[in-house]
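Engineer: Residues per chain, in single letters:
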Amino acid sequence: MTFTPRVGVYICHCGINIAATVDVAAVAEFAALLPGVVTSQAYTYMCSDPGQALIKKDILELGVNRVVVASCSPRLHEPTFRATIAEVGLNPYCFEMANIREQCSWVHPAGAASTLKAMQLVASAVAKATHLEPLEVRQVPVIPAGLVIGGGIAGLQAALDIGDAGFQAILVERSAQLGGHASLIHRTFPTNEPVQDFLNPLIERVINHPRVTVMTSAEVTDVGGYVGNFRIQISQGELSKEVKVGVIVVATGYETFDARLKPEFGYGKYPQVITTLDFERLAAAGFIFEGGAPKQVAFIQCVGSRDQVLGNPYCSRICCMVTAKQAQLVRQQFPEAQVNVFYMDVRAYGKHFEDYYDRTREDGVLYRRGNPAEIIRRGDRVVVRAEDTLLGEPIEVEADLVVLAVGMVPRADTEAVAGLLKLARSGDGFFMEAHPKLRPVETAMAGVFLAGGCQGPKDMSEAVTQARAAASAAMIPLMRGQVTVEAATSFVDEELCAGCGQCAQVCAFSALELHPVRGVMAVNPVLCQGCGACATACPSGAINVHHFTFEQVMAQIDVLSEIDDRLFLKQVTEALPVIVG
Amino acid sequence: MLQIDSRQFVKEHGLFACIQCGKCTGGCPMAMKTQLNPRNLIYRILVAGNGFDIEGREELWDCTTCATCYSRCPKLVNPMEAVIALRSAFVEKGRVHPNVKTALESTFRQGNPLTMPREDRGLWVGDLQVKNISEGAEYLFYVGCTPSYDPRVQKVARAIVQLMQGSGVDLGVMGSDENCCGSEIRRLGEQGLFEMMVEENRETFKSLAIHHIFTVSPHCFNAFKNDYPKNGMQVQHYTQVLADKAGRGELKFSGGVDKTVTYHDPCYLGKHNGIFDDPRTVLKTIPGVKLVEMDRSREKSLCCEGGGGRMWMEGTNPGTRLAQQRVQEALDTGAEILATACPFCLLTLDEAVKHLNAQDRIQVMDIAEIAVQAL
Chain A
1 MTFTPRVGVY ICHCGINIAA TVDVAAVAEF AALLPGVVTS QAYTYMCSDP
51 GQALIKKDIL ELGVNRVVVA SCSPRLHEPT FRATIAEVGL NPYCFEMANI
101 REQCSWVHPA GAASTLKAMQ LVASAVAKAT HLEPLEVRQV PVIPAGLVIG
151 GGIAGLQAAL DIGDAGFQAI LVERSAQLGG HASLIHRTFP TNEPVQDFLN
201 PLIERVINHP RVTVMTSAEV TDVGGYVGNF RIQISQGELS KEVKVGVIVV
251 ATGYETFDAR LKPEFGYGKY PQVITTLDFE RLAAAGFIFE GGAPKQVAFI
301 QCVGSRDQVL GNPYCSRICC MVTAKQAQLV RQQFPEAQVN VFYMDVRAYG
351 KHFEDYYDRT REDGVLYRRG NPAEIIRRGD RVVVRAEDTL LGEPIEVEAD
401 LVVLAVGMVP RADTEAVAGL LKLARSGDGF FMEAHPKLRP VETAMAGVFL
451 AGGCQGPKDM SEAVTQARAA ASAAMIPLMR GQVTVEAATS FVDEELCAGC
501 GQCAQVCAFS ALELHPVRGV MAVNPVLCQG CGACATACPS GAINVHHFTF
551 EQVMAQIDVL SEIDDRLFLK QVTEALPVIV G
Chain B
1 MLQIDSRQFV KEHGLFACIQ CGKCTGGCPM AMKTQLNPRN LIYRILVAGN
51 GFDIEGREEL WDCTTCATCY SRCPKLVNPM EAVIALRSAF VEKGRVHPNV
101 KTALESTFRQ GNPLTMPRED RGLWVGDLQV KNISEGAEYL FYVGCTPSYD
151 PRVQKVARAI VQLMQGSGVD LGVMGSDENC CGSEIRRLGE QGLFEMMVEE
201 NRETFKSLAI HHIFTVSPHC FNAFKNDYPK NGMQVQHYTQ VLADKAGRGE
251 LKFSGGVDKT VTYHDPCYLG KHNGIFDDPR TVLKTIPGVK LVEMDRSREK
301 SLCCEGGGGR MWMEGTNPGT RLAQQRVQEA LDTGAEILAT ACPFCLLTLD
351 EAVKHLNAQD RIQVMDIAEI AVQAL
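Chains A and B, in that order, give the protein sequences. With my numbering, you'll find the first sequence wraps up at 581, consecutive numbering, no jumps. With my numbering, you'll find the second sequence wraps up at 375, consecutive numbering, no jumps.
Treat the hints as calculated values from the structure; they're not laboratory data. Positions of the beta carbon are idealized from the N, C-alpha and C atoms, including for glycine. Accuracy of the hints is not assured; some may be wrong.
Unchecked claim - With a Cα cut of at most 27 Å, we get these calculated DSS-like pairs of lysine-lysine: (1) A/Lys458 / B/Lys75; (2) B/Lys284 / A/Lys269; (3) A/Lys437 / A/Lys458; (4) B/Lys284 / B/Lys155; (5) B/Lys75 / B/Lys11; (6) B/Lys131 / B/Lys245; (7) B/Lys290 / A/Lys269; (8) B/Lys259 / A/Lys269; (9) A/Lys269 / A/Lys295; (10) B/Lys33 / B/Lys101; (11) A/Lys437 / A/Lys422; (12) B/Lys354 / B/Lys259.
As the list claims (entries may be wrong) - From the derived model, a few chain A residues whose C-beta atoms are all more than 12 Å from chain B: (13) Pro141; (14) Ile476; (15) Cys500; (16) Ser510; (17) Glu513; (18) Glu551.
Said to hold, decoys possible - Sample of chain A residues at the chain B side, in silico, Cβ under 7 Å: (19) Arg306; (20) Gln308; (21) Gly370; (22) Ile376; (23) Arg377; (24) Ala498; (25) Gly501.
Can you make the complete structure from the sequences, with help from the hints?
Structural biologist: Laid out in structure tokens, this is it:
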């Protein structure tokens with residue numbers, strides 16, 4: 001029995017989003033004339049329950065076996081309609097979407113031309129729909145374990161959560177100690193609580209956890225596999241071992257800005273000039289200042305942040321409050337000291353931050369607006385040269401101690417880690433999340449999640465928040481026990497393939513390998529994300545992508561040239577003289 | 001009233017990027033002693049609406065174009081170029097200091113801002129044997145106006161010739177055919193005259209098929225390198241050529257200079273072009289030289305106040321001279337020689353030493369002058 005496509009076409013008004021610009025009734029009438037279409041109708045909101053019911057009814061009663069919805073972006077509602085048709089037994093891949101909102105009504109004025117474009121988009125979708133094939137949606141089992149890379153506060157928390165939830169967690173830390181940057185911090189803002197008081201118990205819990213394996217002085221050297229089934233190579237000293245996990249949380253942290261890159265501040269040259277990180281170390285040791293009490297202490301904000309010359313245009317977020325904290329500590333330890341904070345803007349955005357900033361000023365810390373230009377030497381002291389922009393005057397402030405509020409920068413090995421895990425980086429150099437609003441802890445790589453300073457500057461509470469979010473997101477596949485893999489993957493025509501391997505070179509997911517026996521390329525359908533790069537790279541046209549085959553895509557294009565064809569136009573013109581005329 | 005179209009000006013100079021942090025003014029060597037306040041000036045232009053009146057803003061002529069402001073700006077704004085552009089508005093109306101007028105006219109007529117006759121430009125050579133570039137040579141030695149005419153700086157030009165010839169550099173000069181580079185003309189705001197000179201000089205260089213050029217002055221070097229349209233010509237400062245020769249072991253000395261030397265970074269070599277190490281390399285190659293650093297060195301070097309046309313203008317506060325402050329800083333290091341590599345720095349610092357009556361304590365010399373003593 002040969003297959004006959006029976007296409008149902010549904011044109012969505014999207015309220016007035018589409019209907020105010022495109023003549024949706026005319027598009028529906030036009031679509032009814034297209035080959036293979038058995039029903040075509042327009043409706044106010046196709047994504048609503050009644051809208052979806054229309055589709056289900058036609059599948060059951062009219063024998064519709066291919067569905068086209070002309071509405072918004074497939075990013076928004078393709079999953080909705082795929083689920084709709086699956087409910088009544090149609091394969092979800094027998095669905096095609098025409099985006100007549102973002103690609104038409106939202107970007108064009110109302111009128112005949114916009115309606116004609118909507119018709120073209122629909123005709124194209126219908127042409128593809130008639131060639132659509134059902135695809136098998138596959139599930140693969142998930143190894144119930146998570147790898148956490150990085151033993152700072154974010155990595156510790158993520159490993160703990162995964163372990164507490166009942167899964168195995170492997171925490172790999174490059175250095176010999178756990179705790180990361182947090183272990184270098186004396187007290188935290190906005191509570192002035194000693195960091196060790198909560199960090200050490202966290203470390204203890206992780207180390208003693210029955211389901212968390214901690215590997216210090218260890219490094220991830222290779223990552224293979226895919227979500228649910230990652231193979232991780234870890235080297236620890238002389239030893240090298242492979243572990244298998246279902247998910248990965250990347251919590252590799254950050255570096256503090258190297259203040260020597262601002263030579264005008266003389267860091268490393270003047271002993272009076274230190275960084276906020278140096279301050280923490282000195283404060284923890286109990287001697288912020290050597291040799292009596294400092295009379296004048298200056299803090300300089302935004303060192304290495306908000307600076308386009310250095311290529312660090314972003315705000316490092318923590319420095320305003322770090323400085324407020326340290327200024328308070330100076331005033332507490334040396335009540336006679338005059339403390340000046342040089343700033344551009346004070347960003348007290350977090351919970352209790354504004355109170356904290358208020359308290360700092362009430363403690364007698366003087367905020368002076370203007371970011372210093374340079375520090376020079378004068379006798380035993382240094383001189384901060386700046387403009388007090390509120391006075392509108394250049395000023396020189398002598399100081400016994402100057403603290404540079406250094407920002408957070410991506411680790412020097414970010415690129416290497418990105419290569420290992422195939423992670424993207426955002427413009428600031430940190431790892432990039434999958435979506436800034438809706439998928440803030442996921443990456444474009446399925447099964448790989450981000451936590452802490454490796455994704456961008458953040459304070460401890462934000463790092464822990466993100467760590468717990470990443471652990472939760474990572475545990476979704478662990479709890480389900482299986483993951484759905486993309487069905488629209490590439491496949492190789494073994495008759496045409498010469499095994500040249502050019503496809504494997506362009507594949508970002510390492511999904512193609514030369515078959516050891518057959519001498520042709522083989523696709524690992526679990527790794528393949530269906531991007532299609534291999535299909536364009538293949539010199540002999542041997543690779544196709546399911547759901548985007550040459551046949552399907554060419555049908556989409558061919559029908560557009562047919563619309564220009566006089567005959568076809570005549571057909572349209574006769575049916576809809578108002579629109580095209 | 002001298003109005004500029006402030007909206008257009010803001011757009012052309014990208015002033016909306018300014019976040020009013022004050023780094024420009026805080027680092028400006030002139031802001032401490034005159035009314036010049038780049039941050040405030042930008043703010044006033046931003047809020048001016050349609051037109052901004054620069055009438056009476058004499059402080060615009062104080063700027064030495066030392067580049068400290070824009071090298072520190074975190075938002076890549078260039079206050080220095082904004083000041084130069086505002087000067088243009090004065091120049092267009094002919095409202096300039098008589099000395100500036102003289103310098104501009106002299107450049108137009110004689111090819112130098114020093115009111116010296118064009119035909120005397122090649123006389124600095126004296127009894128040295130130097131090829132004319134028309135005979136063909138690998139490098140054009142572009143001498144520049146001040147080294148060509150000023151008796152004090154002519155010595156530097158001659159020293160450079162000896163050093164170059166001694167290290168096997170094949171050079172030629174243009175003699176009286178050489179023309180002003182226009183660097184100071186552009187910075188005085190006379191953009192039209194500057195563009196005319198660019199055209200003339202490019203034609204000349206093209207007809208002489210010049211591929212490599214080196215200069216005495218960092219100002220000429222910067223103009224050819226950054227202000228002229230790119231044409232594939234390699235432009236170097238003479239200290240770069242010598243540092244390269246030193247690196248190859250081709251800069252050889254038979255004698256030495258047993259002196260403690262401190263080096264003053266000229267703005268147009270250092271802050272403008274990031275050349276901090278080459279001059280120091282040459283100094284360290286000279287046997288006997290003990291190099292000590294001032295606190296304000298490299299990126300923090302203090303301007304001598306000779307740039308931006310200030311060689312011909314006193315500015316609004318002639319009482320305190322940056323060059324005098326600079327000589328004091330050099331004296332603090334205990335150095336016997338204050339070395340530099342710029343004709344303007346050489347002259348301003350030399351004068352400051354005289355003002356401070358410090359001739360018996362410190363001597364201002366160009367690096368080439370020190371090196372030639374050790375040949």
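Engineer: Are the hints correct? Go through all of them and say.
Structural biologist: Here is how each hint holds up against the structure:
| no. | hint | result |
| --- | --- | --- |
| 1 | A/Lys458 / B/Lys75 | 23 Å, holds |
| 2 | B/Lys284 / A/Lys269 | 21 Å, holds |
| 3 | A/Lys437 / A/Lys458 | 16 Å, holds |
| 4 | B/Lys284 / B/Lys155 | 21 Å, holds |
| 5 | B/Lys75 / B/Lys11 | 15 Å, holds |
| 6 | B/Lys131 / B/Lys245 | 20 Å, holds |
| 7 | B/Lys290 / A/Lys269 | 20 Å, holds |
| 8 | B/Lys259 / A/Lys269 | 25 Å, holds |
| 9 | A/Lys269 / A/Lys295 | 21 Å, holds |
| 10 | B/Lys33 / B/Lys101 | 25 Å, holds |
| 11 | A/Lys437 / A/Lys422 | 21 Å, holds |
| 12 | B/Lys354 / B/Lys259 | 20 Å, holds |
| 13 | Pro141 | 52 Å, holds |
| 14 | Ile476 | 42 Å, holds |
| 15 | Cys500 | 41 Å, holds |
| 16 | Ser510 | 40 Å, holds |
| 17 | Glu513 | 47 Å, holds |
| 18 | Glu551 | 52 Å, holds |
| 19 | Arg306 | 6 Å, holds |
| 20 | Gln308 | 5 Å, holds |
| 21 | Gly370 | 4 Å, holds |
| 22 | Ile376 | 6 Å, holds |
| 23 | Arg377 | 4 Å, holds |
| 24 | Ala498 | 45 Å, violated |
| 25 | Gly501 | 41 Å, violated |
Hint compliance for this structure: hints 24, 25 are broken, all remaining hints hold.
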